[in-house]
Amino acid sequence: MRRIHLLFMFAFLTVLIGCKGNSSEKGDYTAEKQTDANNFNYEKVNNDPTGLRLYTLENGLKVYLSKNTDEPKIQTYIAVRAGSNYDPKETTGLAHYLEHMLFKGTEEFGTADWETEQEYLSQISDLYEEHKAEADADKKKDVYRKIDSVSLEASKFAIANEYDKMTASIGAQGTNAHTWFEETVYHNKIPSNELNKWLSLEGERFSQLVLRLFHTELEAVFEEFNRGQDNDYRKIYASMLKGLFPNHPYGQQSTIGTAEHLKNPSMIAIHNYFNKYYVPNNMALILVGDINFEETIKKVNETFGKLENKEVSHPTLPKEEPITSPIVNEVFGPTSESVSVAFRSQGVGTEEEKLMTLADMILANGEAGLIDLNLNQKQAVQNASCSPTFLNDYGYHSFTGSPKEGQTLDEVKDLLLEQIEKLKKGEFEDWMIEAVVNDLKLSRTRQYENNSALASMYYDAFIHHEDWANKVKFLDDLKKISKQQLVDFANNFYTNNYVLTYKRKGEDKSIVKVENPGITPIEVNRDMQSDYVKQFNTEVSQDLKPRFVDYKNEIKQTTLSSGINVDYVENKNNDLFDLNIIFDMGSDSNKQLSLAVGYLDFLGTEKLSPENLKKEFYKLGVSYGVQAQGDKSYVYISGLNENLDKGLDLLEDLWDHSEANEETYKKYVEKILKDRVDSKTQKGNILWNGLFSYAKYGENSRLRNIFTAEELYAISPTDLVNLLKDLKSYKQRVFYYGKDVDAAVGAMNTAHSVPENLKDYPTPIEYVEKETGEQVYFTDYDMVQSELIFLSKGKQFDPKELALSRVFNSYFGSGLSSIVFQEIRESKSLAYSAFAAYSDASKKGDSNYIYGYVGTQANKLPQAVDAMLELMNNMPEADKQFNSAKEAVLKQIAAERITKSNIFWSYERLKNRGLDYDNREEIYNEVQNITLKDLSNFFNTNIKGKKYTTLVIGNKKDLNVEALKKLGKVTELDVDYLFNYKITPVKQ
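Per the working numbering, residue 172 is the first one in the sequence shown, and the count goes up by one each step.
Heads up, a few of these hints could be off.
[Unchecked claim] Below 25 Å or equal to it, Euclidean Cα-Cα: the simulated SDA-like pairs (lysine to any residue) are:
no.: 1; residue 1: 964; residue 2: 1145
no.: 2; residue 1: 260; residue 2: 289
no.: 3; residue 1: 447; residue 2: 289
no.: 4; residue 1: 238; residue 2: 611
no.: 5; residue 1: 311; residue 2: 430
Just so you know, the hints here were simulated from the structure itself, not pulled from any lab data.
Hey, can you work out the whole structure from these sequences and the hints?
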């Protein structure tokens, strides 16, 4: 089910999202040309709530600037209109691989001696052309061995990860990039005081392309390709696109590329692609956050303004013929079965985009859509949803559904199509169109308040050639659509013109096995620095002082007339609220509590059916929920403050008067049991939940403490309803985030009735952490890669070690510039993903844990194991890298701002650790004095020499079990046994 959107009144919304914009007449979204104080011209849209200034530099670069001072950070994106659509047919995957190479440096950084290095790189390029042209398999291997040999020599003059080290040193977070059909986008979130250094670095980065450390990165891309082969969702998606687009690259060229093309790259082709598309008039720079408009555009022009404008043209892509009858595809894999139905549409900027967006929300909005109420609420299927996608040339509306136990995929498909028929017949309430438009408006308003979300909207508009004015008025245009227009559209659009994709359980015979090429580990030269980096590190940014929270002052207190304590934080930004009733007990105190909480979502009252209850909440713009964790439970509502009282009345009425229903409960149990069947087909769930929990707790764990099917059916639904009603009789507290605490307290006093004397909590069950070491727990799974975790129990949580552990993680195991990433991926090319961490416990008295993860193809696993264990026992020490990691931690803390409702929730997390103050100040001060020797001592005390329990998931027939035996006693654990779904003998 998609994210729940909240609804609120249109009149209020107009005021709220118009308050930051121009005072022009409401509904006027015309773009105006303006000139700033430095004579830079920009475009601004009247009544734009985001306050965007859209500049165009003389070289054609688009610059999107928007200001938000909630925190001293800037979300940055560099967007290029270059994606897999424009890959040459003979070298698919090129745009994506180029994205990887943009992290390797230029002639100025990433190199210790460019003059010498470039000679080797030229040889490597020639060898790849020879390798590509060679048809004989043995001769091809000989050429590759030469590539490997010359690459080793070239690496002696390369300095790995200098870009990542520089971004880390300025406190950047989220350093990454992505490639899709029509876009390649580079991400960073930086402290605002580091903007000058970041612009200088990125201006250099995009000025030229150097393809260094090429063959090891190519192997990492192969591992990414393998991860895709292990991802059934990606296979379903690819099959759907192939059916929708039999001619267009949307369906014929995957972003990752084919295995054959990845094996035969051309460095010349990659350079040609860069020179063609990575030009300023085909790029956009997006900066959203704590900026000064005039100063920022001046700095952008001084750096990116140097890039040379070149004529750029994109290829004309094939047109598609109409689909006249259903196209049927099948996909096989180990995960649970599902079915998808997809309709091809027109692309961005068309009338179909508006109509299909509205149709999608009528069908499924997370609360009151046709699919929500008729399929999910009534438990007619296991789950169902739909979502639209719009691209430059086309779009599509996809519907997905999973079957209940005993239900066929065709039955699910028919139920999905039935909901579309209801839309075509106009079988939805007249108020729904206005409601869903307002729902979308609120969702967009919340995006506007989030720098990353807003910046994403900007680059999306750039990639799709959208005028921002049209984007701003898009939802107003939706409101003009009548019910009849929508019904007419649905009848014309949704016919037998769909692609049907069945996801079935079974062997995928299209899997490509990739040979281990036997790469010689290259040099990473972590102790070396280019002259560019040395100069970069001498540049001093304006000081940014950290701000810490005085929780005693920021969190206010009052009480209800019943004596219940209310903590509250004022919402100074808008008219939205969150209200939480908190019980400091959960399923550990009563095993049935989480069961009862889930059941409530399918219940109504004497006055309102479950479906009508959902509609009433949706009309009010209020969402509600009940959640039971192990040690806490929450009853909550959120939405528009003016409707708090009405929403609370609905919630309290449901709480007090919900009616048990035997048939609903039976379906609920069947849903739980089918969820178990489906969840145990997910490899991530098996590794990170099943195996991880078993390694920590053994058989006596929260994960395994579940009801059997027989016990579930034997439970009385009336008892569950009474359990929820009785929850009110226990001690409780309230947290409110909003602008009118008096109104909230008044509403609570009226609606929230509790006994005079509240009960103490039952004693919770305790789960004892067991010792780790010299055990290998393995689960067989049909997959290309193998994934492995080393896990070791550490000391009990100690707040005095938080500073050291944070620096250690920054230096050793987390991020693109960490030791683990450098050694496992950059040097040895053994994995796409590898990381390690010292994980501090979230609760006082619990143990910390050390873990390392690597995911790689099975024939590389023994090498990956050896490499990871070597690092976990002998930490390489590099002064310069340590200083960068330490500086990164300091700058990240300095730019952190705990605001809004997070003030309360961060305080809750601190209290769980036995703290009642903002300990970041202590961490910040301690980090400044940490030395590499301190870090080495921390490593030797807490990580080195530890005994690890090893967790492995992979295909048994491909794994080297003898190699695993060197790590400890190997025990194969059945999935049902891991999750306690049934008792299965453990196989030694």
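Structure-based check of all given hints:
1. Proximity of residue 964 to residue 1145 is assessed by CA-CA distance (about 24 Å); at most 25 Å being required, the pair is judged to hold.
2. Distance restraint check for residue 260 and residue 289: the Cα-Cα separation of roughly 29 Å exceeds the 25 Å cut-off, and the hinted pair is therefore not satisfied.
3. As the CA atoms of residue 447 and residue 289 are separated by approximately 22 Å, the hinted pair is consistent with the 25 Å bound.
4. Taken as a hint, the residue 238 and residue 611 pair is honoured in the structure, with Cα atoms around 23 Å apart against an allowance of 25 Å.
5. About 16 Å separates the Cα atoms of residue 311 and residue 430, which keeps this hinted pair within 25 Å; it holds.
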